[in-house]
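K.L.:
Could you build the full structure based on these sequences and the hints that come with them?
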Amino acid sequence: MNKDVLLVNPCWGYPINKKGRRFNRVWPPISLANAAALLEKEGFSVRILDGNLEGMNSRYIAEAAGNFGRVFVTSSPLDRWQCPSLNIDPVLEIFQGLKNEKKYLVGVHGTLLPEKMLNLTGASAVVIGEPEQTILELCKEDAMDRIDGVCYKDGGKIVRTKERDLVNLDDLPVPAYHLLQNNRYFYEILGNNFTLFESSRGCPFECIFCLKVMYGKGVRFKSISKFRDEIVTAVKKFGIRNGYFIDLEWTLNRNRADEICDFLIRDKLNFKWCCQTRADAVDEKLLKKMKRAGCQLVHFGVETGSEKVLERLNKRISMDKVEEAVRKAGEAGMETACFFLFGFPWETDEDRNQTVEFAKRLRCDYASFHIVTPYYGTGLFEEVTKESIPKDGAWFFAENCNQGNSAANLDKITHDAFCQFYMRPSYIMKKIIHFKPRTLNKGLRLLKGYLKSYGDRR
Numbered sequence: 000m001n002k003d004v005l006l007v008n009p010c011w012g013y014p015i016n017k018k019g020r021r022f023n024r025v026w027p028p029i030s031l032a033n034a035a036a037l038l039e040k041e042g043f044s045v046r047i048l049d050g051n052l053e054g055m056n057s058r059y060i061a062e063a064a065g066n067f068g069r070v071f072v073t074s075s076p077l078d079r080w081q082c083p084s085l086n087i088d089p090v091l092e093i094f095q096g097l098k099n100e101k102k103y104l105v106g107v108h109g110t111l112l113p114e115k116m117l118n119l120t121g122a123s124a125v126v127i128g129e130p131e132q133t134i135l136e137l138c139k140e141d142a143m144d145r146i147d148g149v150c151y152k153d154g155g156k157i158v159r160t161k162e163r164d165l166v167n168l169d170d171l172p173v174p175a176y177h178l179l180q181n182n183r184y185f186y187e188i189l190g191n192n193f194t195l196f197e198s199s200r201g202c203p204f205e206c207i208f209c210l211k212v213m214y215g216k217g218v219r220f221k222s223i224s225k226f227r228d229e230i231v232t233a234v235k236k237f238g239i240r241n242g243y244f245i246d247l248e249w250t251l252n253r254n255r256a257d258e259i260c261d262f263l264i265r266d267k268l269n270f271k272w273c274c275q276t277r278a279d280a281v282d283e284k285l286l287k288k289m290k291r292a293g294c295q296l297v298h299f300g301v302e303t304g305s306e307k308v309l310e311r312l313n314k315r316i317s318m319d320k321v322e323e324a325v326r327k328a329g330e331a332g333m334e335t336a337c338f339f340l341f342g343f344p345w346e347t348d349e350d351r352n353q354t355v356e357f358a359k360r361l362r363c364d365y366a367s368f369h370i371v372t373p374y375y376g377t378g379l380f381e382e383v384t385k386e387s388i389p390k391d392g393a394w395f396f397a398e399n400c401n402q403g404n405s406a407a408n409l410d411k412i413t414h415d416a417f418c419q420f421y422m423r424p425s426y427i428m429k430k431i432i433h434f435k436p437r438t439l440n441k442g443l444r445l446l447k448g449y450l451k452s453y454g455d456r457r
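Numbering that gives the first Met the number 0 puts the first residue of the sequence shown at 0, with every later residue one more than the last.
Only true hints are included.
Label-pair restraints from in silico Cβ distances:
1. Lys152 with Arg360: 50 to 60 Å
2. Glu283 with His433: 16 to 26 Å
3. Asp3 with Asp319: 53 to 63 Å
4. Lys385 with Asp88: 20 to 30 Å
5. Glu306 with Lys156: 44 to 54 Å
Taking lysine to aspartate or glutamate pairs in the EDC-like style, the calculated list, with each CA pair at most 16 Å apart, reads:
6. Lys287 with Glu323
7. Lys359 with Glu323
8. Lys327 with Glu283
9. Lys288 with Asp266
10. Lys320 with Glu283
11. Lys216 with Glu205
12. Lys40 with Asp170
13. Lys156 with Glu114
14. Lys2 with Glu39
15. Lys307 with Asp350
16. Lys101 with Asp153
17. Lys307 with Asp348
Hints listed in this document are in silico derivations from the structure and should not be mistaken for laboratory results. Given the structure is predicted, the values throughout are model-derived calculations rather than measurements. Just so you know, even glycine gets a beta-carbon here, dropped at the ideal spot from N, CA and C.
P.N.:
This is the structure in structure tokens:
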């Protein structure tokens, strides 16, 4: 048996986000590092080929895979599970070039539509759901009918095995950081020597636009000791200085967040981090403790400044809570980043104006405006497509979510919102008054990335 395994993250023309906007960031494919750690524990020789980091084209990646016994290509690393790329061409191009007998697809696209992705890629099998344990079993077992969570062809007939049980997160080893070029991964707000940390999977809320198919139902947590072990290993052994806690709602369990902050304060690690959470899941005491523990930035998914739109999103949160959380995070000494969405089918010009004005009123440090994507499998997709069938090629998402606006017009709306937020005199004056070279550099990187992306799209 050839025990050489290749795990591939394609080059997406990155650094980009789901709508093609370029940012000055490159994040590690941490789900592949999880799988690699499991494989190495079982005696396999593993390489992670991050085409996104290296800027490798699909042809080169396919050629590099030539001598490996098994090749796994992800269509969405862990940090993109809830908002995967709409462009799967790089994935298809890699599979077209692969000569390996055993080649597999993992990620959101295959999980949502396994039969379609099996036919499109010509893969030996498509992994459905969380990939780590299934990847290990595909390397140990040739009889795919014995493996849960896969879709494959048997004599021309498509077979889908039973759903795999969700993984116990404590059963995952420390990610294989030694297979990643950690000093090259970068988040423009925090810096380099950067990686992603995951202390939980899942979210109990049912926002209409959110894609949670990879996480399963409910929320699962790593033990505090397991999470601490990962951070200490990354910092002390691999030189990580900056991290993003990518839990969908990091402060959902208040006591747990307190305990994590306690060990970060106690261990005195030279480590800075950020997280994302709900505005109603933080308070002044916790935010101050997070700051002492090294937290530099808190992300909040605000989505809209319109009460009418907010009610239909099923977020179950008030705008008053958002204002309070952003203000208290700033008072605790942390920066805040708020995310907003345009293009909901019931949205009006007035709603969009309210969103921009709310973003300015929040006085957050960073605001990010995007066009909403109705992903297959979400409530928004069902609502958008109940009266019309998606266009050819739009099988993974519905186009023209907001029937009253073209894609070009929505793109202009997001650009105008960006300019209104960042170019207003009060924002510029605030940055001048609180001037720090590091803050200026971050702002310039963000501005450069956005202006480059907007120029590329025009």
